[in-house]
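Undergrad: One letter stands for each residue in the lines below.
There are 2 protein chains.
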Amino acid sequence: MRVALAQMEVVPGRPDINTQTMLRMIEEAKLSRADLIIFPEMAIPGYLLGDTWEQAAFLRDCEYHGRQVIAAAQGITIIFGNIGIDWHKTGDDGRVRKYNAFFIAQNGTLVKTDNFPYPFRIKTLHPNYREFDDTRHFVSSRKLAQEIGRPVEELLSPVSLTISGARLRIGCLLCEDGWSDDYSVKPITITAGYGDVDLFINISSSPFTLGKNNKRHRVFSKQVRETGIPLIYVNNVGVQNNGKTVYSFDGCSTVYNASGEIVACCDAFTEQLKVLDLRLGKDTAGPPIPVPDDTGIDTLYQALEYGTSRFLQSIGIQKVVIGASGGIDSALAAALFAKVLGPDNVLLVNMPSRFNSPTTKNLAAELAQNLGCRYAVASIQDVVDYTVRQLSEAAITQNGALCEPLTITPFITENIQARDRSARILAGMAAAFGGAFTCNANKSELTVGYSTLYGDQAGFFAALADLWKFQIYALGRYMNESVYGRQVIPAAIFDLVPSAELSPEQAVDEGKGDPIIYPYHDYLFRAFVESWHKVTPEEILDWYRQGILAAKIGCEEGLVERLFPNAAVFIQDLERWWKLYSGMAVAKRIQAPPVLALSRRAFGFDHREAQNGPYFTARYLQLKAMLLKEDQN
Amino acid sequence: MRVALAQMEVVPGRPDINTQTMLRMIEEAKLSRADLIIFPEMAIPGYLLGDTWEQAAFLRDCEYHGRQVIAAAQGITIIFGNIGIDWHKTGDDGRVRKYNAFFIAQNGTLVKTDNFPYPFRIKTLHPNYREFDDTRHFVSSRKLAQEIGRPVEELLSPVSLTISGARLRIGCLLCEDGWSDDYSVKPITITAGYGDVDLFINISSSPFTLGKNNKRHRVFSKQVRETGIPLIYVNNVGVQNNGKTVYSFDGCSTVYNASGEIVACCDAFTEQLKVLDLRLGKDTAGPPIPVPDDTGIDTLYQALEYGTSRFLQSIGIQKVVIGASGGIDSALAAALFAKVLGPDNVLLVNMPSRFNSPTTKNLAAELAQNLGCRYAVASIQDVVDYTVRQLSEAAITQNGALCEPLTITPFITENIQARDRSARILAGMAAAFGGAFTCNANKSELTVGYSTLYGDQAGFFAALADLWKFQIYALGRYMNESVYGRQVIPAAIFDLVPSAELSPEQAVDEGKGDPIIYPYHDYLFRAFVESWHKVTPEEILDWYRQGILAAKIGCEEGLVERLFPNAAVFIQDLERWWKLYSGMAVAKRIQAPPVLALSRRAFGFDHREAQNGPYFTARYLQLKAMLLKEDQN
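Residue numbers (this note's numbering), protein chains in the order written: chain A, 22 to 654; chain B, 22 to 654.
Derived by calculation from the structure, the hints in this document are not laboratory data.
Note that the structure is a prediction, hence the values are computed from the model and not measured.
Treat the hints with caution; some may be incorrect.
Said to hold, decoys possible - Cross-link-like lysine-lysine pairs, in silico, DSBU-like; alpha carbons within 30 angstroms at most:
#1 A:236 / A:295
#2 A:207 / B:207
#3 A:650 / A:573
#4 A:110 / B:236
#5 A:207 / B:110
#6 B:110 / A:236
#7 A:236 / A:573
#8 B:207 / A:110
What the hints assert, rightly or not - Reference listing, derived: stretches of chain A covered by chain B, where coverage requires no fewer than 3 residues with Cβ under 8 angstroms from a Cβ of chain B:
#9 67 to 79
#10 401 to 407
#11 439 to 449
Ideal placement from N, C-alpha and C gives every residue a C-beta, glycine not left out.
The task is simple: from the sequences and hints, build the whole structure.
TA: So this is what it looks like as structure tokens:
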């Protein structure tokens, strides 16, 4: 049997475009004499659509386009994901009933599957963590089973097909159905229990996360080994978003043989139609190939470049303006966008005030020179001075009487500088340049709101905001060495102390800079944000007390002791950043640009948060009191 | 039996504070010789917490505080909502198992309920529409039943209590359990089916929406009538948020007698301990009282003032700066914040450019005078001129050569003006004034992004952004007439044509203004955003074709025909706004401030959206082609 893995680029919210892609791939598969073509989950509508699922007109349109795909099933069997609709029932929200569905078409019509209420199969396990909202929109087979009073097992029987005269029994899985470790229902085990299953097919729309494919190989291989049934996994490529967070989809569609070994694998981040001969049994589609590793810096860079490139395409941005401070974050942004859009389409702007050193000004110019980007210098000093004067001198009256004037402190002036750069110069230049301006914030800054709202936090897209500072440096080196093959980011930028250069207290040439001590705080913040079982000051203080903090959060051994002479200093630092993280930084993130997700937890829709202010648990307060008492003894 | 309805203010994320409130109310109830006190759902942790539920330390803290409440159950029975935790099981996300739970405490311990796996009852129906994310965090009794292989009916038996020597069988409901119309599982019917049930108790944390209480009375009364069992509904007050959207909770705790009549009702938006004598049967707690109406302008204003006031308190804002243009939106904002914070704490700033008319400048001054607020004028013209010059004259180089300079068009200058006002002046002034600046956008503007990012869209809070323009006017009149009892908002502001005054094309004195025709577009946009079954151009065009558009969307009859001479003009307008609504406006909303929710669909977390661009369905395109052809005939 010849099988075509259709690792297509799915454009979310565009059934028309996706259907054209599918019809093209079906023709191509037919030319390659494929018997079966497999498309990803939600291939027609896309997966991350927000509440577009509430538009009945959009649902009808998905059905309409689905019919075109079904009609094309002549001389080939087509498996594809689409929304399955029951116009006669409602979901729990009272809206029309929707399923995340698995369709099989042959001879221009859907294959009726025995013992199932619909001419399609539906998703059993609905992810509702991170960016996922499946239960908001779709009814699962778990819920359907309960509703119709049947055990869920009955809805998970294999489907019998005849392909090229041969009978094939397949287990139909949708994405999360293959990730059942934490669920009480195990679709693969249940379906395999029917016996006589030839093949599992998992159609997915699975966003990229660094290291997720390695985990998938472990999880899927184990299930395949246990059941002895080969499995084909087809995932889409492209980018999809849910407003605050942008996800890339890496594809990496994979064929597992009955021993759980990988025998075929599509390229990452590439639209691809892979046609292969499938012999069921141990030697499914040839000899095993090594398990691809996706945890390295090359994968991280690939996801960053692909996600940025496709997102810009999707929103029609072809030119960007980047504030180039001479620091590493904006340098990495410049190198990235110059690669993605070409240097002609990138305008770097250095915006000095009196606090910017010649060192960084020269480095910004050198960076532009190295990249061949457009470059401009636009001072903010005049307008900052004017603003400070205008605000301090503004006559404030009340009930006809003059009130005392406003006082503009140095801290207020710091933020005036940052806003002047972004909201006045970059925004104006971007409009005139015919594009948008970038937000160059990294994840450490975003975690604690170390940025100015409408200032350096602004921009149309925050490509680097899911990267800790240590990853920013590593990617900068990687781009020099492996992307450009020359030092486009000047070496001195890597050696510079990170600094906002907004006051004399942040003079880089005197080695003064940010209050964030990245080699420690990167790891502390990561523990707050990315731990599956979220870490709070209570755990941190407990680990500190036990002397196991570095091991627990992954920073350098001995660093904690070097940084903090005693518990009081440690606690002061911990509380300072926790209060920012769960206080002001939340208010800032509410108005932050979309973040490109790369880690296992990105800010935005992936990390939902309320503006409720910091909280310290009773147990934390006990531990703190104990430690402070010990300090005094 | 004396029952105390504890309509407490719940502070989200603060188990410590909420527990203190509860202990105080328990003491008070004991003094009133109450036998039973009933607190709302999630009284200890709060309900809208984002992903704080993933912090094990927070969960332990909720249990710890729960124990304090349980210990206080001496001489009184306490019913309260808290998170119920099974540390030995996980949820579908692999994290510790959490239930949205109903606790009953007597004699310092939890009442063990027969035939149930936990010493508490759990929520059966999980809302997952609008702002709700229950399934993300909690396991429902539907899912638990399926897991342990029992019918859900078995988990919904009534609980037997002995209160003051009398036996009482109660049905335990949590919020959505009482709203089962759209669910296949009906908790009230199931529990009533056990027979011998004396009383339903529904503990809720139900956010305010205009008209929701009227619907609740219909839904709850009907169920009570059908079962003949009285029902006590206890809801909290306060505000809670999920980042992008702020909800007020109105309380309105209600006692329904066995005929479904209301016999007692707590005040809206007021913390209150209502103690009453409950005789079960027809005359539960006295004679029926009229059904309170909550659909009027007075309720809308009350929710607006309460929500604004409590949100400011919750984030510690005591002073605000408001850009006062002389238009109705900023005038309403000024009147509102002056009421909430006192005029001393409100600084109105008029920021004219050459395009601002003496008319609006005078009206802004008059408004400040009427309210007794602080007032300043800060011109933006100098800096706007400087910026246009600086950007046009900036030398742009590439590879050592000079490139062509940027051209600053009038449209770009419009946005430069808007950003100069907010990001330069208001943000600086707010910091110096010791507060924040407001976003005065209304819902029509936010729908189509008729505002400038980092300009008039900026601010710490958008109190008016869930109000259509017609509601803004109505609330302005209401504040003059019923809140202030005098014309604080000058009459001329109501007569002014709405305008941004950013160019000669928007000269108010010549009657020129916004491109939004509010008497039509308010209703068109409302159909896009607020319809439960979302309306798209396909439905709009179909209704237009049938001549039933005004009736469908609720605008004035005949208006559509007056505005649009033919289908081509109608379609051009429709597509213009749909493209903005689902295009650029989404990008802007991603970075918009938190919105106070008042309607049945507010922007933000309530209305999830992806930046996927506009889409027109195949059926829409057919309709359009047909209509344009008819135009030509």
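Undergrad: Look at each hint and say if it fits the structure.
TA: Results for each hint:
Annotation: proposed proximity of residue 236 of chain A to residue 295 of chain A holds, straight-line Cα distance about 23 angstroms (limit 30 angstroms). Among the hinted pairs, residue 207 of chain A with residue 207 of chain B is consistent with the structure: their alpha-carbon atoms are about 28 angstroms apart, no more than 30 angstroms. With a CA separation close to 25 angstroms, the supplied pair residue 650 of chain A and residue 573 of chain A stays within the 30 angstroms bound. At roughly 22 angstroms between alpha-carbon atoms, residue 110 of chain A and residue 236 of chain B fall within 30 angstroms of each other, so this suggested pair holds.
Among the hinted pairs, residue 207 of chain A with residue 110 of chain B is consistent with the structure: their alpha-carbon atoms are about 16 angstroms apart, no more than 30 angstroms. The straight-line distance between the Cα atoms of residue 110 of chain B and residue 236 of chain A is roughly 22 angstroms, inside the 30 angstroms bound, and the hint therefore holds. With a C-alpha separation of about 21 angstroms, the suggested pair residue 236 of chain A and residue 573 of chain A falls inside the 30 angstroms cut-off, and the hint holds. With a C-alpha separation of about 16 angstroms, the suggested pair residue 207 of chain B and residue 110 of chain A falls inside the 30 angstroms cut-off, and the hint holds.
Residues of the stretch 67 to 79 of chain A with a Cβ under 8 angstroms from some Cβ of chain B number 11, which satisfies the need for three, so the listed coverage holds. Only residues whose beta carbon comes within less than 8 angstroms of a beta carbon in chain B count, and the stretch 401 to 407 of chain A has 3; three or more means the coverage holds. For the stretch 439 to 449 of chain A, the assignment as covered by chain B holds, since 8 residues bring a beta-carbon within under 8 angstroms of that chain's beta-carbons and 3 suffice.
Comparing the model with each earlier hint shows no violations; every hint is respected.
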